[in-house]
Amino acid sequence: MNHDASILIIDDERQIRKLLQIILNSARYHVVEATNGKEGLTMAAMHPPDLILLDLGLPDEDGQNILIKLREWYVSPIIILSVRESEEEIIRALDNGANDYLVKPFRTGELLARIRNALRLIKEVDGTAHIQTGNLNIDLTGRVVIKKDAVIKLTATEYSLLTLLARNHDKVLTHQYILKEIWGPGYIEQSQYLRVFIAQIRKKIEDDPDNPIIITTESGIGYRFNIE
Amino acid sequence: MLNGYLDRSKSQQYSISIIATLSLSAVCYVISPYIGYLAVALVLLFTVSILSVILSVFPVLLAAILSALIWDFFFIPPPFTFHIGKTEDILILAMYVTIALVNGILNSRIRHYEKMARHREGRLKSLKLYNAVFSSISHELRTPLTTIMGVTENLTDQGQKLPEQDKKVLYNELYIASNRLNRVVDNLMNMSRLESGHLEAKYDWCDVRELIRSALNRLSDEMKSHPLKVDIPEGLPIVRLDFGLMEQALYNILQNVCFHTPEKTPASVEAFFQDGILEIIISDDGPGFKEEDKFRAFEKFYRSPGARSGGLGLGLSIAKGFIQAHGGDISIENKKSGGAVFNIRIPVYISNLSAENEP
Numbered sequence: 034m035n036h037d038a039s040i041l042i043i044d045d046e047r048q049i050r051k052l053l054q055i056i057l058n059s060a061r062y063h064v065v066e067a068t069n070g071k072e073g074l075t076m077a078a079m080h081p082p083d084l085i086l087l088d089l090g091l092p093d094e095d096g097q098n099i100l101i102k103l104r105e106w107y108v109s110p111i112i113i114l115s116v117r118e119s120e121e122e123i124i125r126a127l128d129n130g131a132n133d134y135l136v137k138p139f140r141t142g143e144l145l146a147r148i149r150n151a152l153r154l155i156k157e158v159d160g161t162a163h164i165q166t167g168n169l170n171i172d173l174t175g176r177v178v179i180k181k182d183a184v185i186k187l188t189a190t191e192y193s194l195l196t197l198l199a200r201n202h203d204k205v206l207t208h209q210y211i212l213k214e215i216w217g218p219g220y221i222e223q224s225q226y227l228r229v230f231i232a233q234i235r236k237k238i239e240d241d242p243d244n245p246i247i248i249t250t251e252s253g254i255g256y257r258f259n260i261e
Numbered sequence: 279m280l281n282g283y284l285d286r287s288k289s290q291q292y293s294i295s296i297i298a299t300l301s302l303s304a305v306c307y308v309i310s311p312y313i314g315y316l317a318v319a320l321v322l323l324f325t326v327s328i329l330s331v332i333l334s335v336f337p338v339l340l341a342a343i344l345s346a347l348i349w350d351f352f353f354i355p356p357p358f359t360f361h362i363g364k365t366e367d368i369l370i371l372a373m374y375v376t377i378a379l380v381n382g383i384l385n386s387r388i389r390h391y392e393k394m395a396r397h398r399e400g401r402l403k404s405l406k407l408y409n410a411v412f413s414s415i416s417h418e419l420r421t422p423l424t425t426i427m428g429v430t431e432n433l434t435d436q437g438q439k440l441p442e443q444d445k446k447v448l449y450n451e452l453y454i455a456s457n458r459l460n461r462v463v464d465n466l467m468n469m470s471r472l473e474s475g476h477l478e479a480k481y482d483w484c485d486v487r488e489l490i491r492s493a494l495n496r497l498s499d500e501m502k503s504h505p506l507k508v509d510i511p512e513g514l515p516i517v518r519l520d521f522g523l524m525e526q527a528l529y530n531i532l533q534n535v536c537f538h539t540p541e542k543t544p545a546s547v548e549a550f551f552q553d554g555i556l557e558i559i560i561s562d563d564g565p566g567f568k569e570e571d572k573f574r575a576f577e578k579f580y581r582s583p584g585a586r587s588g589g590l591g592l593g594l595s596i597a598k599g600f601i602q603a604h605g606g607d608i609s610i611e612n613k614k615s616g617g618a619v620f621n622i623r624i625p626v627y628i629s630n631l632s633a634e635n636e637p
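Line by line, the protein sequences are chains S and X. If you read the first sequence in the working numbering, its first letter stands for residue 34, the second for the next number, and so on. If you read the second sequence in the working numbering, its first letter stands for residue 279, the second for the next number, and so on.
Derived by calculation from the structure, the hints in this document are not laboratory data. In this text, a Cβ means the ideal position worked out from N, Cα and C, and glycines have one as well. Hints are not guaranteed to be accurate.
[What the hints assert, rightly or not] Some chain X residues flagged as far from chain S (calculated, every beta-carbon gap over 12 Å): (1) L347; (2) V463; (3) R496; (4) D520; (5) K572; (6) I628.
[As the list claims (entries may be wrong)] With a straight-line cut-off of 20 Å between C-alpha atoms, the simulated EDC-like cross-links for lysine to aspartate or glutamate are: (7) K613/X x D509/X; (8) K204/S x D95/S; (9) K480/X x D607/X; (10) K71/S x E94/S; (11) K204/S x E120/S; (12) K237/S x E512/X; (13) K236/S x E512/X; (14) K542/X x E557/X; (15) K236/S x D509/X; (16) K137/S x D45/S; (17) K180/S x E261/S; (18) K51/S x E431/X; (19) K507/X x E541/X; (20) K480/X x E222/S; (21) K480/X x E121/S; (22) K507/X x D243/S; (23) K568/X x E611/X; (24) K480/X x D243/S; (25) K502/X x D241/S; (26) K213/S x D128/S; (27) K51/S x D37/S; (28) K180/S x D243/S; (29) K213/S x D482/X; (30) K480/X x D128/S; (31) K502/X x D243/S; (32) K613/X x D553/X; (33) K71/S x D45/S; (34) K71/S x D83/S; (35) K480/X x E251/S; (36) K572/X x E611/X; (37) K502/X x D444/X; (38) K480/X x E122/S; (39) K102/S x E122/S; (40) K71/S x D95/S.
Pulled out of the complex, with its shape left as it was, chain S reads as follows (with noise of 0.2 Å):
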């Protein structure tokens, strides 16, 4: 529907360049490139965009720098588009506020998916009394989760974190991020608590509990509510 955003490519690949401006020019996104950090940063400041891919090994400054420096005062999303596929880079990049991480080589299919849901985050922004997928329901206001026109009964935890998760969906959230949320800071190794709880709160939203499509694992990183 938006498609008439901007995109900021920050990436030294000449290849990767082209191939994503033609990507997303046929998907009629208006696209801007930028071929190392610096010159990523000074056009994101000149014209800020509707969002950036960033990627992560560029040749002037480590990208990750780059994303601590955008995000200071950039609030529209920044998707990480990176070889870089060690479990310790995604999550760095996700608490420094990346909104998605994609790692090279991607699906054309899976990356315009991503920026479709990054920008429909913006647009909804709290607000959202209701959230719906599929045929699960989340009432924010009312405090109620229905499943196929039947409440669910969720106990205390299991609302907050179902709720967290809804609230930021199509975002990877990372483990600990979502213990220090649900948990507090003390919690942050306790990651058992957040296997226990996903996999109670799986048996009573998914139709499948073990082939889940509302909450799905990022491996070894965390964890994705999907809207579709």
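With chain S's structure known, arrange chain X on it following the hints.
Positioned in the frame of chain S, the structure of chain X alone reads:
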């Protein structure tokens, strides 16, 4: 055994040489009244021959000369002098010394050539392995590259003339080839992670059900053609594992199953926990493993002779390496009905937490 002796230090070799010669001489001295001094020469020569097999050249020469002097001094009449009475005894002593020396030198030469031959054989073997690995990597990289280059050229030059249907086929080939290339790169990266020696499992609490599901999801394309049964008991505890490494290990094994069994072959994944050990069993109803492949399947770059072409032969060795990084192990068996069974056993810590006791 032989090499064990050869590895002995120089001083040890000389000691063996002297002690053996002296003790045999002592025995001979006691029994010489019954066997005569000529038979003693044969016993000593025999000793030198034995020593020449197990010692290097100079200790053998020492034994030869020492035993010759002993024979001359203690045994050849008149005893207790180096003087030799009869001319034939001089001849025998000369022959004794010659035979002992030649024996020692010959034996040491033979061993030298043997060593060189072994060395050459070893180099030849490693060269053969290197060539096999190199040509396998080259093949696995170049095959998809050939497709990609050929298809893109074809689309660039003939794009307008090609019917839509053919274009679709070509695009699909491009997609398959790039995925294959991606897998090869992944495997090589994982292997170099293992080889670097810096691989360390980063333990975190894992839901085994989630872990297995996650591996299966990555495999969804291949698994479509293989009906899969997942059997995980309800009460399986939360365990400490490296999620990423274990997911990759399970993925590699399941991919191996899909690759080496005909389409529509049923497969199953089971998991249970007992006595501190998490056991994951992956099995299929395919043809199973040949006897020698059961052991060699986990070797780097090993591909079963006659297997379907494609792949580097790294998948299972990476899986094994990642499992071993957890202090666990994996073994292969065949079912009585013929299918393959992968048995993974990992010692794990478990959490006694359940969702009822809310923190």
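Status of each hint after checking the structure:
1. L347: holds, 73 Å
2. V463: About 9 Å separates V463/X from the closest Cβ of chain S, which leaves it inside 12 Å; violated.
3. R496: violated, 9 Å
4. D520: violated, 8 Å
5. K572: With a cut-off of 12 Å, K572/X remains clear of chain S, as the shortest Cβ separation is near 30 Å.
6. I628: Check fails; 9 Å does not lie beyond 12 Å.
7. K613/X x D509/X: Answer holds: K613/X to D509/X is near 18 Å, not above 20 Å.
8. K204/S x D95/S: Between K204/S and D95/S the Cα gap is close to 23 Å, so the pair fails against 20 Å, i.e. violated.
9. K480/X x D607/X: With a Cα-Cα distance of about 17 Å, the restraint between K480/X and D607/X holds, given a limit of 20 Å.
10. K71/S x E94/S: With Cα atoms ~8 Å apart, K71/S and E94/S stay inside 20 Å; holds.
11. K204/S x E120/S: Distance of about 16 Å is within 20 Å: holds.
12. K237/S x E512/X: Holds: K237/S and E512/X sit about 15 Å apart, inside 20 Å.
13. K236/S x E512/X: holds, 12 Å
14. K542/X x E557/X: violated, 26 Å
15. K236/S x D509/X: holds, 16 Å
16. K137/S x D45/S: holds, 14 Å
17. K180/S x E261/S: With Cα atoms ~16 Å apart, K180/S and E261/S stay inside 20 Å; holds.
18. K51/S x E431/X: Distance ~18 Å between K51/S and E431/X Cα, so the pair holds.
19. K507/X x E541/X: holds, 15 Å
20. K480/X x E222/S: holds, 13 Å
21. K480/X x E121/S: The given pair, whose Cα atoms are some 11 Å apart, holds under the 20 Å limit.
22. K507/X x D243/S: holds, 12 Å
23. K568/X x E611/X: This hinted pair holds, its Cα atoms lying about 10 Å apart.
24. K480/X x D243/S: violated, 25 Å
25. K502/X x D241/S: Measuring from Cα to Cα gives roughly 18 Å; hence the hint holds.
26. K213/S x D128/S: holds, 12 Å
27. K51/S x D37/S: holds, 19 Å
28. K180/S x D243/S: Cα-Cα ~17 Å, so holds.
29. K213/S x D482/X: OK: K213/S and D482/X at ~16 Å, within 20 Å.
30. K480/X x D128/S: With a Cα-Cα distance of about 19 Å, the restraint between K480/X and D128/S holds, given a limit of 20 Å.
31. K502/X x D243/S: holds, 17 Å
32. K613/X x D553/X: Cα-Cα ~25 Å, so violated.
33. K71/S x D45/S: Holds: K71/S and D45/S sit about 11 Å apart, inside 20 Å.
34. K71/S x D83/S: holds, 19 Å
35. K480/X x E251/S: Within the cut-off at roughly 16 Å; holds.
36. K572/X x E611/X: The hint holds at about 7 Å.
37. K502/X x D444/X: violated, 25 Å
38. K480/X x E122/S: Roughly 14 Å separates the two Cα atoms, so the pair holds.
39. K102/S x E122/S: Given that 20 Å is the threshold and the Cα spacing comes to 17 Å, the pair holds.
40. K71/S x D95/S: Satisfied, since the Cα-Cα distance of roughly 11 Å is no more than 20 Å.
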